[in-house]
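Colleague: Sequence:
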Amino acid sequence: MSTRRRSVISHGFNRPQSRASIISLYSAAYDDDKRRKLSRVFSAIFVHKKIDIYHVLERQEGTRTLAYHLFVFALTLVSLVFGSILTIDEWRPTLDAPLYYGELGLFVFFACELLLRIWSAGGVLKYRTWVGRLIFISRPSIILDILTLFGFTISLATGLKTREFPSLTLKFLPPLQMIRFLRVDRQLSSWKILKGIIVTHRQELTVTLVIAFMFLITGSYLLYVAETPMDPTLNKGNFKSIADTMWFSIITGLAIQVQEKKRDEALSRLVPAAATVIRNWWRLRCVHHRDRFVSTWKIYSIIPRRTHVHPSLKPNLEKAASIVESTEQTPTAVDPSRFHFINLPTPTTQSNHMRRKSITSIEDLPKRYVTAIKIIRTLKYSVACKKFQEAKRPIDIKDVVKENTQTNNRLSTMLVDIQRRLDLVLGTTKPASYLSDVEKRQLSLSARIEKVEEIAKRFETKLNQLEQLASSLIKNG
Numbered sequence: 001m002s003t004r005r006r007s008v009i010s011h012g013f014n015r016p017q018s019r020a021s022i023i024s025l026y027s028a029a030y031d032d033d034k035r036r037k038l039s040r041v042f043s044a045i046f047v048h049k050k051i052d053i054y055h056v057l058e059r060q061e062g063t064r065t066l067a068y069h070l071f072v073f074a075l076t077l078v079s080l081v082f083g084s085i086l087t088i089d090e091w092r093p094t095l096d097a098p099l100y101y102g103e104l105g106l107f108v109f110f111a112c113e114l115l116l117r118i119w120s121a122g123g124v125l126k127y128r129t130w131v132g133r134l135i136f137i138s139r140p141s142i143i144l145d146i147l148t149l150f151g152f153t154i155s156l157a158t159g160l161k162t163r164e165f166p167s168l169t170l171k172f173l174p175p176l177q178m179i180r181f182l183r184v185d186r187q188l189s190s191w192k193i194l195k196g197i198i199v200t201h202r203q204e205l206t207v208t209l210v211i212a213f214m215f216l217i218t219g220s221y222l223l224y225v226a227e228t229p230m231d232p233t234l235n236k237g238n239f240k241s242i243a244d245t246m247w248f249s250i251i252t253g254l255a256i257q258v259q260e261k262k263r264d265e266a267l268s269r270l271v272p273a274a275a276t277v278i279r280n281w282w283r284l285r286c287v288h289h290r291d292r293f294v295s296t297w298k299i300y301s302i303i304p305r306r307t308h309v310h311p312s313l314k315p316n317l318e319k320a321a322s323i324v325e326s327t328e329q330t331p332t333a334v335d336p337s338r339f340h341f342i343n344l345p346t347p348t349t350q351s352n353h354m355r356r357k358s359i360t361s362i363e364d365l366p367k368r369y370v371t372a373i374k375i376i377r378t379l380k381y382s383v384a385c386k387k388f389q390e391a392k393r394p395i396d397i398k399d400v401v402k403e404n405t406q407t408n409n410r411l412s413t414m415l416v417d418i419q420r421r422l423d424l425v426l427g428t429t430k431p432a433s434y435l436s437d438v439e440k441r442q443l444s445l446s447a448r449i450e451k452v453e454e455i456a457k458r459f460e461t462k463l464n465q466l467e468q469l470a471s472s473l474i475k476n477g
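Each residue of the sequence shown is one higher than the last, beginning at 1 in UniProt numbering.
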């Protein structure tokens, strides 16, 4: 068999195997579409998670962001506290190794966080490319993080063999911890507010700084001249240079300012208490000297009780009441002869008895009133003395907290009582269960208004009856 024939036969046998079926073509296309959809879904989920991580690390919104930043704040605060305690010689042997391992763990944590920040920035369109990542790294907060990590790398490398910080490294460790503490405010909002305040009041701040600096230099120079002896060999005091006197002036000025503030607060508490003591003591002394100080009784006045009805008015009022009752029962059966005009006495003599009676001497007051006034003034004087003794004591934080707590409790009790009374008056809640039905109806404002309306209706009915009676009398007369 020739070679050509064999090739034709082989091609004839292999042709059905090499040709792809329609079903296989459709299945391959379906698999490709499915892969594309899955890749789109996974890429969307991946980008969404990246954006979530970016918002948690860089933004200041949401519960997760707040929880994370509080956690970072707690870590930095604990490291700063332990770094400050480590400067004490007694605690240094105990806390040196734990602080080293703690700082090593924080270094790894913040390094991973920095890498996560740079990686998650790709979820934002602005930082998606490599140029965008470089722009993101050039931000001030990221540069501060990189410099802080570089400083901690050097500090940890110095104690890599002994697993402890050397003495020279401990001097530079607190500044690094404080710089790391500043990263809590990543958006620099507080610094922006401070910048706005400085720009707004730049003239006042400049004048204040210039005047303060002039006074500082003048006072430091005068102090240096006064404290430095004429012989330089005898200069063994604390003020060996103008720098020492300048430092002393700054510290002394701050101490004097704090002392003046405390003195003003003490005077603001002491002066009213002392004035109250003096006033109550003088009034108590005036009470015991009786007639020597007449003006002490002029602040009082006697209000007599309301007198009874004048006797001449009683029979006339009884007649009027009987007439009204009879008209309510049978308005047409009233005898017109029973009505006549009544001359009532003028109430001028009665109103004179209701005026306040001023006191000019101790004889105008009854004895029991004088005794009550003495007791009241003695109590007021003792209370004023007690408050004055409390005002003389220095301010204690516990007393301030206790006083504020008592004030808040009183205010809350008053508010609850006001709310309860409003509810009872307006009828918004059910009254107390121990009250009777009549008392419950009388508590609300609507019930009282209904009662007033009923009284007005009855009064109107009586007026109508009297009008009918008067018209009938006119017709009969």
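Note that these hints are calculated values from the structure, not bench results. Source: prediction; values computed, not measured. Treat the hints loosely; a few may be bogus.
Quick list of the computed label-pair ranges, beta carbon to beta carbon [unchecked claim]:
hint, residue 1, residue 2, range
1, 62, 393, 27 to 35 Å
2, 174, 141, 44 to 52 Å
3, 78, 201, 35 to 43 Å
4, 62, 201, 29 to 37 Å
5, 124, 70, 23 to 31 Å
6, 52, 251, 49 to 57 Å
7, 251, 389, 55 to 63 Å
8, 129, 208, 30 to 38 Å
All C-beta atoms, glycine included, are put in the ideal place defined by N, C-alpha and C.
Colleague: Indicate, hint by hint, whether the structure satisfies it.
Modeller: Here is what the structure says about each hint:
1. Range check, residue 62 to residue 393: about 48 Å between beta-carbon atoms, so the 27 to 35 Å window is missed.
2. The given range of 44 to 52 Å is broken by residue 174 and residue 141, whose C-beta atoms sit roughly 21 Å from each other.
3. In this structure the hint that residue 78 and residue 201 lie 35 to 43 Å apart at CB holds, the actual value being about 37 Å.
4. Distance hint check: the CB atoms of residue 62 and residue 201 are about 35 Å apart, consistent with the given range 29 to 37 Å.
5. Roughly 24 Å separates the CB atoms of residue 124 and residue 70, a value that falls within the hinted 23 to 31 Å.
6. Checked against the hint of 49 to 57 Å, the pair residue 52 and residue 251 passes, with Cβ atoms roughly 51 Å apart.
7. Checked against the hint of 55 to 63 Å, the C-beta distance between residue 251 and residue 389 comes to roughly 34 Å, which is inconsistent with it.
8. For residue 129 and residue 208, the Cβ-Cβ distance of about 49 Å falls outside the hinted range of 30 to 38 Å, so the restraint is violated.
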